[in-house]
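Trainee: Protein chains in written order, with our numbering: chain A, 1 to 606; chain B, 1001 to 1094.
Just to be clear, a hint being listed does not mean it is correct.
To be verified - Okay, the calculated bits of chain A under chain B, using three or more residues with CB under 8 Å as the criterion:
1) 47-54
2) 58-68
3) 134-148
4) 176-185
No wet-lab data here; the hints were simulated from the structure. All of these numbers come straight from a predicted model, not from anything done at the bench. Note that CB positions come from ideal geometry on N, CA and C, so glycine has one too.
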Amino acid sequence: MPSKQSFLSKIAISSDQIFVETKTYLQRVYNKASSQFSSASPFGQLVKVLSNYYEHLFYYLEDAQAENHPYTASSIEAIYGNAQLAGHNPTRSIAAMGEIRFKFKPGKESVFPGPYIILTDGIKLKCNNNNLIYTLKFNSDQVRISKNSTEFTYSMIYQGIFESQKLIGTGRLMQTFNLNINGTADHVNVKVFVNGKLWKQYESLYDMAGNETEGCMVRTGLAGGIDIIFGNTYFGKVPENGSIIEVQYLVNAGSLGTINSNSGDITFEFMDTGLAVTGDEIDLNDYMILDVVTPPRLGSDREDYNFTKFIAPLASKSFVLAGPVNYEHFLSRYNAFSYIDAFNTVDDDYLDDDNVTYLFLLPDVSKKLTTDVDYFTIPANEFTLDSIEKNGIKRAIRESGKQATTSEIQFVDPEIKKYAINIVLRYFEGYDKDALNIDIRTKLNDYFLSVKRRDRIPKSDIIALIEGIEGIDSVNIYFVSEENETAIKNGYYIKKSYKIQPTTPFLQEGEGTKKRFIFFNKELIETKINLKENEDPMLGLDEFGDIIIGSNELPVIRGGWSDRYNTYYQEYPTKGQPSSLSVYFKEKIEQTLTTQVQTANRKKLG
Amino acid sequence: MDLEQITEDLFKYKKKSLYKIARTAGEERLNTPFPYAENNEIVRRTISPYILRNPVVEKFLQFINDHTALMYKATTWIRLKRVYTVDKDYEYIK
């Protein structure tokens, strides 16, 4: 028999149901008419509000429970937390970093009080290009800029603002603190000080061997923010009871901090003041000139949660950058790439590069687009990494401290292969050609920005996309390959291969002061292949006419070359002329009832 | 009998452990969870101020507020189960 208190049905979890059941119960117990417990009465309002509280509560409880399961979790913090339990440390955002230089403004010496300006570490700058805040980081607490010096002072800048939180040590083993952070803390720029002393960060507890190792682990938080985990005396020193633990981190805007402009086009202004010798605050914009040496680059958003779900069970537990898989996992943290291929060549006869991991990286072009530029008009050099980005990647790998001693990396530059697309179509009367042109270009823009496959680009993909556009009856497309057309025009093409032979070991100069012994000669052989009359070698295309993507190749839809008939293809889509994207309207089809029914039937099949 | 006498000792459950206060003195945390249990926050934001004019009802509603805040905390405790390395009563999880 149910108790008197359990008047609520266990399936009544909406506020209305709870309210009705409560009201019925109260009326029954107190023998009162329903008017006594209406929402107009204070007591009725209380019951109504409480039933609403409980409805919220049921929702929150269900949500909290669902977020604890990797398959049902939907919030990013919960997905990151679940991944953390699986051993994968999800990447938080990474701040864009660059380098600037500054010196005293010539001509202002006489009006400035004192011999130098003092700039403290962590001075904030505002970028006028994107209105984001950047922070100067010196290697010391402050720098002095002499007003008589003509030399520039160089400094790194990081996008974002440094924050700090203070915690108190408990003296217990495995002390763990979860720090709530508004925004995302940088994945790299986190420092932990215990009683003012910087403690080193480790990837694993087992790396902090012994009682004297002053270290901790900094992980993306199991419940959002970041987790700081200290040792247990067997593995790592324990902060004493009452010790002050200060955690500094950089809150940043990820990829938004990257500025894809030339150094000369980027301007900053100081937000913080400097100090004169007298202690007076000085407006730095009045007395300093500032140049950008390296534009802020390699800013990256926090890890995509779909990627986290995929990668969590596959994460390497070695924490060392040794083989291709390690490098792919490391670089995939940076959301700056649309394609990452790390590989080595241990299977070939050339043994000298067996410790080298080759990195074939394609930047995510979609992040470089502006409102007036699309896939078809973005400069071709944006499809490859420039020297600043390569140096940034090298620095990130070096500063991670994870690269195995014998491991080396080399970048493989993609070989850009140019193609043009010719589209021939029939369209229905009543549709505007210009509007159809725009629709086609938009669809293809989205397709080429999102396509990730590295084997081929099929014609059928493009045809299916265009057929889906309202007003198109039928369509055919064909790709024209610059390499193939040039070969036909010249009557030959060059085939490249490598010949490898053992040699007497000799010392080869490497990057910087590095030297290494070479045991094999690797010689590039270029063979001229002559074409027969009317022979079409189909370079870059297969028998279907699909684009074939060779290793290290990057196909782009771009003109700026002539075909076998000396027809010049304009570099960018140009109306009325052969170009990288040409649309030919072959025939206008009359709109009848039959054609409309046929179109509707076709859509149903699709 | 005045209101203070009626409610004497009834709010003992709100007292904080002095040991705990001593252990965390000096902490400077940011973005801490919203203090639902303080200042009648939940009731104050959801019930007509007219009802709260009566001091007896206002005092009574503090219990309702604290009870509801405790129930809200239940969600935090569920989330805490995933954060296995912190104390079971760690109160900074949002």
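Trainee: All hints, please: hold or fail.
Mentor: Structure-based check of each hint:
Against chain B, the stretch 47-54 of chain A contributes 5 residues with a C-beta closer than 8 Å to a partner C-beta. That satisfies the three-residue criterion, and the hint holds. Coverage of the stretch 58-68 of chain A by chain B holds. Counting CB-CB distances below 8 Å, 7 residues qualify, and the rule asks for three or more. Only residues whose C-beta sits within less than 8 Å of a C-beta in chain B count toward coverage, and the stretch 134-148 of chain A has 0 of them, not enough to reach three; the restraint is violated. Counting residues of the stretch 176-185 of chain A whose beta carbon lies closer than 8 Å to any beta carbon of chain B gives 7, which meets the minimum of three for the stated coverage.
The structure fails hint 3 only (numbered hints given earlier).
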